[in-house]
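Keeping their order, the protein sequence lines are chains A and B. With our numbering applied, the first sequence covers 1 to 544. With our numbering applied, the second sequence covers 1 to 544.
If you're looking for bench data, these hints aren't it; they were derived computationally from the structure. Fair warning: there could be bad hints in the mix.
One copy or any two copies: either way a pair holds, since identical chains are not told apart in the list.
[Said to hold, decoys possible] Think about it this way: if two alpha-carbon atoms lie no more than 16 Å apart in a straight line, the pair counts; the simulated EDC-like pairs of lysine to aspartate or glutamate are: (1) 428 x 243; (2) 430 x 268; (3) 322 x 449; (4) 111 x 97; (5) 149 x 335; (6) 430 x 243; (7) 430 x 401; (8) 428 x 268; (9) 428 x 394; (10) 520 x 532; (11) 41 x 509.
2 protein chains.
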Amino acid sequence: MPTMETTQRSATELTGRSIIGFSSGNSGGATFRAFDPQTGKPCEPEFTSASVNEVNRAVELAVAAAPQWASSSREVRAEFLRAVAAGLEKIASTVIERAKLETGLPEGRFKSELARTCGQMRLFADVVQEGSWVSARIDRADPKRTLPKPDIRSMLIPLGPVAIFGASNFPLAFSVGGGDSVSAWAAGNPVIVKAHPAHPGTGELVGRVISDAVRSLGLPEGLFSLLFDSGIAVGQALVKHPDVKAVGFTGSLAGGRALMDLAAARPEPIPVFAEMGSINPVFILPRALQERGEHIVAGLYGSFTLGGGQFCTKPGVVFVPKTGASEELARKLGERVAEASPFTLLTAGIRTAFVHGRDERKSTGNLRITVGKNGDPDDGSYRVNPVVMETNAETFLANVELSEELFGPATLLVSHSNKAQVLEAASKLKGHLTATVHGTEEDFSEFADLISVLQTKVGRLVFNGYPTGVEVSHAMVHGGPYPATSDGRSTSVGTQAILRFCRPVCFQDCPNEFLPAELKDENPFRIWRMIDGEMTRDAVARPA
Amino acid sequence: MPTMETTQRSATELTGRSIIGFSSGNSGGATFRAFDPQTGKPCEPEFTSASVNEVNRAVELAVAAAPQWASSSREVRAEFLRAVAAGLEKIASTVIERAKLETGLPEGRFKSELARTCGQMRLFADVVQEGSWVSARIDRADPKRTLPKPDIRSMLIPLGPVAIFGASNFPLAFSVGGGDSVSAWAAGNPVIVKAHPAHPGTGELVGRVISDAVRSLGLPEGLFSLLFDSGIAVGQALVKHPDVKAVGFTGSLAGGRALMDLAAARPEPIPVFAEMGSINPVFILPRALQERGEHIVAGLYGSFTLGGGQFCTKPGVVFVPKTGASEELARKLGERVAEASPFTLLTAGIRTAFVHGRDERKSTGNLRITVGKNGDPDDGSYRVNPVVMETNAETFLANVELSEELFGPATLLVSHSNKAQVLEAASKLKGHLTATVHGTEEDFSEFADLISVLQTKVGRLVFNGYPTGVEVSHAMVHGGPYPATSDGRSTSVGTQAILRFCRPVCFQDCPNEFLPAELKDENPFRIWRMIDGEMTRDAVARPA
Chain A
1 MPTMETTQRS ATELTGRSII GFSSGNSGGA TFRAFDPQTG KPCEPEFTSA SVNEVNRAVE
61 LAVAAAPQWA SSSREVRAEF LRAVAAGLEK IASTVIERAK LETGLPEGRF KSELARTCGQ
121 MRLFADVVQE GSWVSARIDR ADPKRTLPKP DIRSMLIPLG PVAIFGASNF PLAFSVGGGD
181 SVSAWAAGNP VIVKAHPAHP GTGELVGRVI SDAVRSLGLP EGLFSLLFDS GIAVGQALVK
241 HPDVKAVGFT GSLAGGRALM DLAAARPEPI PVFAEMGSIN PVFILPRALQ ERGEHIVAGL
301 YGSFTLGGGQ FCTKPGVVFV PKTGASEELA RKLGERVAEA SPFTLLTAGI RTAFVHGRDE
361 RKSTGNLRIT VGKNGDPDDG SYRVNPVVME TNAETFLANV ELSEELFGPA TLLVSHSNKA
421 QVLEAASKLK GHLTATVHGT EEDFSEFADL ISVLQTKVGR LVFNGYPTGV EVSHAMVHGG
481 PYPATSDGRS TSVGTQAILR FCRPVCFQDC PNEFLPAELK DENPFRIWRM IDGEMTRDAV
541 ARPA
Chain B
1 MPTMETTQRS ATELTGRSII GFSSGNSGGA TFRAFDPQTG KPCEPEFTSA SVNEVNRAVE
61 LAVAAAPQWA SSSREVRAEF LRAVAAGLEK IASTVIERAK LETGLPEGRF KSELARTCGQ
121 MRLFADVVQE GSWVSARIDR ADPKRTLPKP DIRSMLIPLG PVAIFGASNF PLAFSVGGGD
181 SVSAWAAGNP VIVKAHPAHP GTGELVGRVI SDAVRSLGLP EGLFSLLFDS GIAVGQALVK
241 HPDVKAVGFT GSLAGGRALM DLAAARPEPI PVFAEMGSIN PVFILPRALQ ERGEHIVAGL
301 YGSFTLGGGQ FCTKPGVVFV PKTGASEELA RKLGERVAEA SPFTLLTAGI RTAFVHGRDE
361 RKSTGNLRIT VGKNGDPDDG SYRVNPVVME TNAETFLANV ELSEELFGPA TLLVSHSNKA
421 QVLEAASKLK GHLTATVHGT EEDFSEFADL ISVLQTKVGR LVFNGYPTGV EVSHAMVHGG
481 PYPATSDGRS TSVGTQAILR FCRPVCFQDC PNEFLPAELK DENPFRIWRM IDGEMTRDAV
541 ARPA
């Protein structure tokens, strides 16, 4: 085995090697490069795919790190998350430069994505430090009961090593140090990230910040590894590794489902939390359309083209009642699209899929397509023009492919002739991350049944707003029934994301001194606990 | 289609037909009978397997019932659960008679199981009525933030129709009206139960109580159906039905894994909560063994033979340090077993598996078996003698089949020569429902590392007690990593079981009047909610 190099380097110099605990990956694997979407040209340096041995080594280190991290104090966990946030801010300009190069997205986007990513780390640090997230419950003993009642105390504990797959469309917020990693660490799990191959340089920069934080705080080496791969072997090996206990993924339905199937077929199946996107239906109700159609057009255009339309929450279908106002809305949206400049997509593959999906839809009867004025740019870049499509509810219902995600700056207006028709369309929807309704109070009253149906289809219901822009907060649900996610009982954004990577354990008649601090009588951290069914921050009152 | 009969009959008269909403199942399917384990003779009446059409009809009714039940008030849900409990108590003697006949278990067992089952229903009624279980979270808007912050409010909502599989070993507490059904209803889901074929009469009696409660309270017909089957076709059809959204199961690893695999292979995979049993390791630490070995023997014997050893939590392996005291413990346990009367097992299949498993272990080298004095009773009954086996840690580690569940009155003593050996054995354990440690405070200090390892292997860690006897309370965790359950992140006993059958949804900028009551500003039920990260029962303070 060749000598492993240290990962400590200057912030700007990229090595192109995986980070395996405190060591660099070896040479010898298949190599790949990022591409500049503005030009289609490859970027320096070359990145080397990790080997199966390196996957095994990363998992071995994670297994070794797991007990220490699981029993780490809440201060230590919070300190680590804050150190990563501070480290990332320290090299912000370098990271942003690289992210721009690898994605074609603008500076402003990465300034806010970096702020959001660091804010997310600090929010989880706060949650961990406050401590009540462990959902501590105490049922006191009753030795006088006919069948003596034992003392039972439960709390959440970590699952063990978690494999995280970086997303193409959020190189910071949903990638190496993104929400999946942060929530897994916060819950007490070591993390192994499979970097997204479209932005490996950004991944390495973030990875080095994390690795440096692990080292400088004296934390166990296996708390973090970052693996590069030009293909799918590393990801498959991770998901199949018997010591990996959960998976986090953000990406396509095909990719997510493949990981779900792999995980379900293991001798020991493990949970996969895959966020796989959706078309996020929007319903514009009659009075709102009449009163503020023009305002809605502007918001809608901004939302479906934000980030080049490469958001999981992009509004991909918009239901409107067929009226003069809806024709006006369609016309206005068509105008905006026709005049727009092209948007740069993230990868050649995404561009190909977008162009293919768009052109395929052109052959649908009763579907009108308006595209930008300049045709597809033919300059080697990954740029495309935005697209707006129009059809009616009958056509939408008859063509299942119109319900599939078209990743990129496109949306579909669907006009319906009556309430029954829009209810039918809503009730036939599969799972989505979001649904949006634009309405007046009168509209919401009239369409209460529509809103009830939509609740059963999504993780988030937006009123008079736009689904893009996912607040990182305590109540956020960025999830939704399959196929929006693998498990609609979870969220990948917001503090409830921590609940994916832990499980309850209970202690029966455990002497106080051997209990975890969160469950001790005296409640040293003054966390919220449920004692005999009542929420309290008090200590346990000893039975008289 | 033949006319469907009503299910309203006298409490004692069994029809042998499925209950599909308010109708009785048709004749014509394959028939089967329960058997009396005391004699091995079939019991009246004949039961008829449901057809695929009847499965579809039950699901169709459940789909129709789902919206009304999901939006039912907490009072209505609580009233239903309490009505079922009261109805069950009203026919207690009939149910207990039939359960005794179909299981061979004694009267006292069913008195307590019925009390536990009804207590469980009332506990969930209380939880639902109190209302805080929905985990409401509110993040208030901040319109002044640079990027205006929306108002986000989340709570748990039901998943939709749930399929429940009754267990062989708890005809009341884990069956038609058992914990799985009750927690699914409490969360707001319709329930379709596949009855266990070993106690169909008990199932029908309980099912009719439930059906009567649904009808008399004017609840939607599809809230409950009960399907009989002599084979596996009904269960498979249920798990594969596109409108079934989750599965609850208690039974064997083979059965549970088959349902997991079916559910994972669906076009829309759904969660399966399968509790599949385990061997529930017990660790007797040196000082406790020395000080109170005799006391432990008595408790252990009672625990591994309780209910004929047919508990998911039966202590199936007991680790002891090899000393004079452990030899004494083995001798005493052997004496008890040798003198014991036989135990009646639940089914011919369980008896065959027990005898086979026992005899197979006889061929293991270095393993001593002590059985009851009378050999296997040969009277047509399902009775067997209890068994205690003894071996050493080396043999246990070298023979993987010794880690497999032997369902029935048997346990295995494993002696080890040092701490390293017992730590090795513990760290090689798969997932179990429970682990138990007997020790003095000094033992627990010395074996802190053992206790840490055990936490990662189980859902419940018992100190100086016995794993059988699962308290139904807020903090109970009756779960554990695979293969003890399909998803170690859940419990099938205690109020946290409700969390299996719901998912979070959030509302963004929803006008107060259109929010569910639990999320309205005024907090009409005064439930506990997290507002901007703080737990409170207060109303939302409107921003100044």
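So, going through the hints one by one against the coordinates:
With identical chains, the CA atoms of residue 428 and residue 243 are at most 16 Å apart between copies only, with a shortest distance of 12 Å across copies and 40 Å within one. Taking the closest pair of Cα atoms, residue 430 and residue 268 come within 16 Å of each other only across two copies (10 Å); inside a single copy the shortest separation is 29 Å, beyond that limit. Proximity of residue 322 to residue 449 under the C-alpha cut-off of 16 Å is found in neither arrangement, the shortest distances being 20 Å within a copy and 69 Å between copies. In this assembly of identical chains, the alpha carbons of residue 111 and residue 97 lie at most 16 Å apart only when taken from the same copy (10 Å versus 72 Å across copies).
For a Cα distance limit of 16 Å, the shortest separation of residue 149 from residue 335 qualifies neither inside one copy, at 72 Å, nor across copies, at 30 Å. In this assembly of identical chains, the alpha carbons of residue 430 and residue 243 lie at most 16 Å apart only when taken from different copies (12 Å versus 34 Å within one copy). For the homomeric pair residue 430 and residue 401, the shortest alpha-carbon distance inside one copy (13 Å) is at most 16 Å, but the shortest distance between copies (44 Å) is not. In the homo-oligomer, the alpha carbons of residue 428 and residue 268 lie at most 16 Å apart only across protomers (14 Å), although the nearest pairing inside one protomer, at 35 Å, exceeds that limit.
Taking the shortest alpha-carbon separations for residue 428 and residue 394, only the intra-copy value of 12 Å comes in at or below 16 Å, while the best inter-copy value is 59 Å. Only within a single protomer do residue 520 and residue 532 lie at most 16 Å apart by alpha-carbon distance; the minimum there is 15 Å, versus 27 Å between protomers. For the identical chains of this complex, residue 41 and residue 509 are neighbours neither inside a copy (65 Å) nor across copies (44 Å), given an alpha-carbon limit of 16 Å.
Violation of the numbered hints given earlier is confined to hints 3, 5, 11; the remaining hints are satisfied by the structure.
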